[in-house]
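S.K.: Assemble chain B onto chain A, guided by the hints.
Those sequence lines, one after another, are chains A and B.
Those letters in the first sequence? Residues 1 to 331, by this note's numbering.
Those letters in the second sequence? Residues 332 to 879, by this note's numbering.
None of these hints come from the bench; they were simulated from the model.
Quick reminder that beta carbons are idealized off the backbone N, C-alpha and C, glycines included.
Accuracy of the hints is not assured; some may be wrong.
Claimed, not checked - Here are the simulated lysine to any residue pairs, SDA-like style, with alpha carbons at most 25 Å apart:
no.: 1; chain 1: B; residue 1: K807; chain 2: A; residue 2: V56
no.: 2; chain 1: B; residue 1: K537; chain 2: A; residue 2: M189
no.: 3; chain 1: B; residue 1: K446; chain 2: B; residue 2: D378
no.: 4; chain 1: B; residue 1: K461; chain 2: A; residue 2: K169
no.: 5; chain 1: B; residue 1: K702; chain 2: B; residue 2: K730
no.: 6; chain 1: A; residue 1: K45; chain 2: B; residue 2: V572
no.: 7; chain 1: A; residue 1: K169; chain 2: B; residue 2: G592
no.: 8; chain 1: B; residue 1: K588; chain 2: B; residue 2: D647
no.: 9; chain 1: B; residue 1: K515; chain 2: A; residue 2: N97
Unchecked claim - Far from chain A, some chain B residues (derived; all Cβ distances over 10 Å):
no.: 10; residue: T431
no.: 11; residue: L459
no.: 12; residue: D467
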Amino acid sequence: MKGRHVRYFFGKIGLFFVTLWAAITVNFILPRMMPGSPADAAIAKLSQNGPVTPEVRASIEAQLGMPQGNLFSQYWQYLGDVVHLNFGVSYSNFPQNVSDLVGAALPWTLTLVGLVTIISFIIGTALGALMAWRRGTAVDVTGTISSSFLSAFPSFWLALMLLFFLGYKAGIFPTSGAYSSTAIPNFSMDFISDAVEHSILPALTILLTSLGSYVMGMRNTMINTLGDDYVTFAEANGLRQRTVMLKYAARNALLPNLTSFGLVLGGVVGGSLLVEQVFNYPGVGLLLYQAVTNQDYPLMQAIFLMITISVLVANFIVDILYGVLDPRTRR
Amino acid sequence: MRRKTVAVRILATLVAGATLLGLGACGSKSGETQQAAAGNQILFGGDSGSPTFTRNFNPFSTSKRIGINFIYEPLEVVNSLDGTSTPFLASGHKIVDPKTVEFQIRDGVKWSDGKPFSAQDVVFTFNLVKKDAAMDSLGVWQHISSLEASGSKVTFHFKDNDVPAVSIVSQQNIVPEHIWKDVKDPLKWTNENPVGTGPYKLGTFKPNQYTLAKNKDYWQAEKVAADTIVLPASNKQLDLVNKKYDWAYSFINNVDKTWVGADKQHNHYWFPPGGTVSLYPNLTKAPFSDVNFRKGLSYALDRDKIAKDAEEGYVDGATQTGLILPNHDKWVNDSIPNKGKVSQDDAQSLEYFAKAGYKKQGDQLVDSNGKQLEVNITVPSGYTDWLRGVQTMQGQLTKLGIAVKLTQPQPAAYTQAQNNGDYDLLISSFGGTGSVFQDYNGLLNSEFAVPVGQSANANFERYKNPKADELLAQLKQAADEKSQKAIVDQLQQIVYDDVPVIGLFYGGLWGLFSTRNYTGWPSEDDPYTAPSTWTQSVLMVVTHIKKA
Numbered sequence: 001m002k003g004r005h006v007r008y009f010f011g012k013i014g015l016f017f018v019t020l021w022a023a024i025t026v027n028f029i030l031p032r033m034m035p036g037s038p039a040d041a042a043i044a045k046l047s048q049n050g051p052v053t054p055e056v057r058a059s060i061e062a063q064l065g066m067p068q069g070n071l072f073s074q075y076w077q078y079l080g081d082v083v084h085l086n087f088g089v090s091y092s093n094f095p096q097n098v099s100d101l102v103g104a105a106l107p108w109t110l111t112l113v114g115l116v117t118i119i120s121f122i123i124g125t126a127l128g129a130l131m132a133w134r135r136g137t138a139v140d141v142t143g144t145i146s147s148s149f150l151s152a153f154p155s156f157w158l159a160l161m162l163l164f165f166l167g168y169k170a171g172i173f174p175t176s177g178a179y180s181s182t183a184i185p186n187f188s189m190d191f192i193s194d195a196v197e198h199s200i201l202p203a204l205t206i207l208l209t210s211l212g213s214y215v216m217g218m219r220n221t222m223i224n225t226l227g228d229d230y231v232t233f234a235e236a237n238g239l240r241q242r243t244v245m246l247k248y249a250a251r252n253a254l255l256p257n258l259t260s261f262g263l264v265l266g267g268v269v270g271g272s273l274l275v276e277q278v279f280n281y282p283g284v285g286l287l288l289y290q291a292v293t294n295q296d297y298p299l300m301q302a303i304f305l306m307i308t309i310s311v312l313v314a315n316f317i318v319d320i321l322y323g324v325l326d327p328r329t330r331r
Numbered sequence: 332m333r334r335k336t337v338a339v340r341i342l343a344t345l346v347a348g349a350t351l352l353g354l355g356a357c358g359s360k361s362g363e364t365q366q367a368a369a370g371n372q373i374l375f376g377g378d379s380g381s382p383t384f385t386r387n388f389n390p391f392s393t394s395k396r397i398g399i400n401f402i403y404e405p406l407e408v409v410n411s412l413d414g415t416s417t418p419f420l421a422s423g424h425k426i427v428d429p430k431t432v433e434f435q436i437r438d439g440v441k442w443s444d445g446k447p448f449s450a451q452d453v454v455f456t457f458n459l460v461k462k463d464a465a466m467d468s469l470g471v472w473q474h475i476s477s478l479e480a481s482g483s484k485v486t487f488h489f490k491d492n493d494v495p496a497v498s499i500v501s502q503q504n505i506v507p508e509h510i511w512k513d514v515k516d517p518l519k520w521t522n523e524n525p526v527g528t529g530p531y532k533l534g535t536f537k538p539n540q541y542t543l544a545k546n547k548d549y550w551q552a553e554k555v556a557a558d559t560i561v562l563p564a565s566n567k568q569l570d571l572v573n574k575k576y577d578w579a580y581s582f583i584n585n586v587d588k589t590w591v592g593a594d595k596q597h598n599h600y601w602f603p604p605g606g607t608v609s610l611y612p613n614l615t616k617a618p619f620s621d622v623n624f625r626k627g628l629s630y631a632l633d634r635d636k637i638a639k640d641a642e643e644g645y646v647d648g649a650t651q652t653g654l655i656l657p658n659h660d661k662w663v664n665d666s667i668p669n670k671g672k673v674s675q676d677d678a679q680s681l682e683y684f685a686k687a688g689y690k691k692q693g694d695q696l697v698d699s700n701g702k703q704l705e706v707n708i709t710v711p712s713g714y715t716d717w718l719r720g721v722q723t724m725q726g727q728l729t730k731l732g733i734a735v736k737l738t739q740p741q742p743a744a745y746t747q748a749q750n751n752g753d754y755d756l757l758i759s760s761f762g763g764t765g766s767v768f769q770d771y772n773g774l775l776n777s778e779f780a781v782p783v784g785q786s787a788n789a790n791f792e793r794y795k796n797p798k799a800d801e802l803l804a805q806l807k808q809a810a811d812e813k814s815q816k817a818i819v820d821q822l823q824q825i826v827y828d829d830v831p832v833i834g835l836f837y838g839g840l841w842g843l844f845s846t847r848n849y850t851g852w853p854s855e856d857d858p859y860t861a862p863s864t865w866t867q868s869v870l871m872v873v874t875h876i877k878k879a
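The shape of chain A in the complex, shown without the other chains:
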């Protein structure tokens, strides 16, 4: 019995490292398969304003030429850099270090997207449980309709609508950025309230568009659980309604929702690309978008790697947790 445990966990750890290596390698190959070089991207950006002289083109190509060495030596160098967490210098923000850029963007994304994801999970799950408990009533019907309606909204569209009506037309909320243009990031009360004010529209967008899936997921699983024998048994025993709802039905129905929550949390470091883009919110999503449009290989690699690793780690933790929670998976 004990040996089987150890084998399960070692197997999982081995698989984790193989997947990690594969992800790191794909991460190296993928950006290089995109047509065009960083210099091409910089020239394209300039030529949107007007024709670019041949001399400017030549100097940009000299500054942002293709990486040195053949593909294999680049790959070898890259593996070494990844181990040392050294991602080099960004092309589009030359000569800034990639790690500084990511470090500056990460806190904004973690606080905004992370916090909203947690809030959305809590509210969504609670609402879903309530709706399942009162299935068929007005609460359930309105809840089901509005959450399927909300989750069908594309997040960028909702973002644009909120931006246009609440930000531009009504002027209640700021329309872009994570803080006022004159502010310097620090931990003073003034700055924090300024940042909170700037985060409301993006937060609202992410909340409204992500809420629906938690509500529906929880509601549907819980309706299943409510039909299970042990719930009927608990009710027959005359337990209080609230106890039956929360402790018997909701607790068991929570598992699938928790899994998807874990995976979403893993992806939080990737930010919310479209929402950050609409609100010009300086998070990882916007940074990634700009890295891709500028063919900024080092920056792209660092962000993709960060996203892959956190999703992998989240997956790994969920795997291990499943092994602990559900003995059947260990076989």
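M.R.: The following block gives chain B in isolation, referenced to the frame of chain A:
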């Protein structure tokens, strides 16, 4: 039992917290709108962060802050519309012979750290950019053979007879020797506290916004009206209108309603032509190598309609001579009909296509095997104005019986396709330097026409004509305008007759201005400089505008 209560409490606290956050924020007024140009300042939408600003004021770096153009000055500022120049760090120049030019360096100019500026700084700067081609974005060392300073004079010796080189070297931003001589890697240095001679110094720098403060010791400080220039990192079109920008550069859809409509009394725009957006045929491929085929295409197009659909009527259809009108009015060759503007003429078009071997069969234009003519046009994705123009063009060609396919790669992939000659027909633009020599040189000089597969920096259509090369060489040597005009006349004739590219419409320079706080912005009536916000022309603007 116990656990449940805790969970419920946490949930309740979170919900309450979230609600409070929301309420608190609704109560406080948005601080953003308060920055609408208070006092003596200009809100300038010319530099965008990605998404925040990197503090890089190195004028030689590709990712420099645009603000350097207010801080550093060249010898002369060249108007990119008509090529005229205004003296800045040089008080004037004398062309000694077509191979030699003398710049008289201005007296009494100081660097913003108080040290005097001299001819030595000019020589130092040119020698600095000589070290690394990556720093030489004007390509001055493609022209200069040597330079020296004597007293307050700097003399340039060119490799050949090279009159156009005068305006090229005059545009080099000059940096102080006493600071840059100690810089180890001048390309990677971020120059966080720039010292220049220009009208502004760096004021405050924050990741979301920086300011430029007026340089009180500037040599023409009396001409500089604004004390501060504010440059936010985010300049979305909504912000331009909402936050009441004084000066910005943006192609806004329906500008009369969106920008002017927001403040009819003050908001203006000026969209002069700044380049010729053209259909580039790949001259290394049949049938595009056949001049009759290119003329067939040219006569098939209604340029004014294409211009109107692409740019909402703010620019005109282009001439087929390579000039930009009205900027280059004084160069126009009068013997070419209608200033070189080709009108749509289906009969002419079919005649030329017939010469190229394509006949009308039913409603299709077919080759000798009866197969319909099919062309592929490459246009970068996301350039929505160009795309609209191309769609109109597609309609016009389809009507004539040609099947038109569009390829829309990402901008970087498009640039690669253009540079490597990996296309059939492609939309691109040329010109707009102000100098007719530079404009024609980039379009026609066979020196740039490297084989397909290698990256070209100009002449993407890969045009090779010894006559054109010869004329360009002559134009380089022509010192007076009369002899230049005679050569430019012939170059126009070549572009008109040989159709190396098919001019479509002029690319606009999208200058937005508000006269709420300042007047005297460049305009159609007073075109003293182009409305480009990322070039040295900002020096002209800040020394022209007056407090409203």
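S.K.: Against this structure, judge whether each hint is valid.
M.R.: Status of the hints after comparison with the structure:
1. Taking the CA atoms of K807 of chain B and V56 of chain A, the gap is near 20 Å; set against the 25 Å cutoff, the hint holds.
2. Using a Cα cut-off of 25 Å, the hinted pair K537 of chain B and M189 of chain A holds, with the two alpha carbons roughly 19 Å apart.
3. Only pairs whose Cα atoms come within 25 Å are accepted, and K446 of chain B paired with D378 of chain B is rejected, the gap being roughly 29 Å.
4. Taken as a hint, the K461 of chain B and K169 of chain A pair is broken in the structure, with Cα atoms around 53 Å apart against an allowance of 25 Å.
5. Proposed proximity of K702 of chain B and K730 of chain B is supported: the alpha carbons are some 17 Å apart, at most 25 Å.
6. Among the hinted pairs, K45 of chain A with V572 of chain B is consistent with the structure: their alpha-carbon atoms are about 23 Å apart, no more than 25 Å.
7. Annotation: proposed proximity of K169 of chain A to G592 of chain B holds, straight-line Cα distance about 15 Å (limit 25 Å).
8. Between K588 of chain B and D647 of chain B the CA atoms are separated by roughly 21 Å; this keeps the pair inside 25 Å, and the hint holds.
9. For the given pair, K515 of chain B sits about 18 Å from N97 of chain A by alpha-carbon distance, which is consistent with the 25 Å threshold.
10. The beta carbon of T431 of chain B sits about 22 Å from the closest Cβ of chain A, which is more than 10 Å, so the claim that it is off the interface holds.
11. Every CB of chain A is more than 10 Å from the CB of L459 of chain B (nearest about 14 Å), matching its label as outside the interface.
12. For D467 of chain B, the requirement that its beta carbon stay farther than 10 Å from each beta carbon of chain A is not met, with the minimum near 6 Å.
Figure legend: structure checked against the earlier numbered hints; hints not met, in rising order: 3, 4 and 12.
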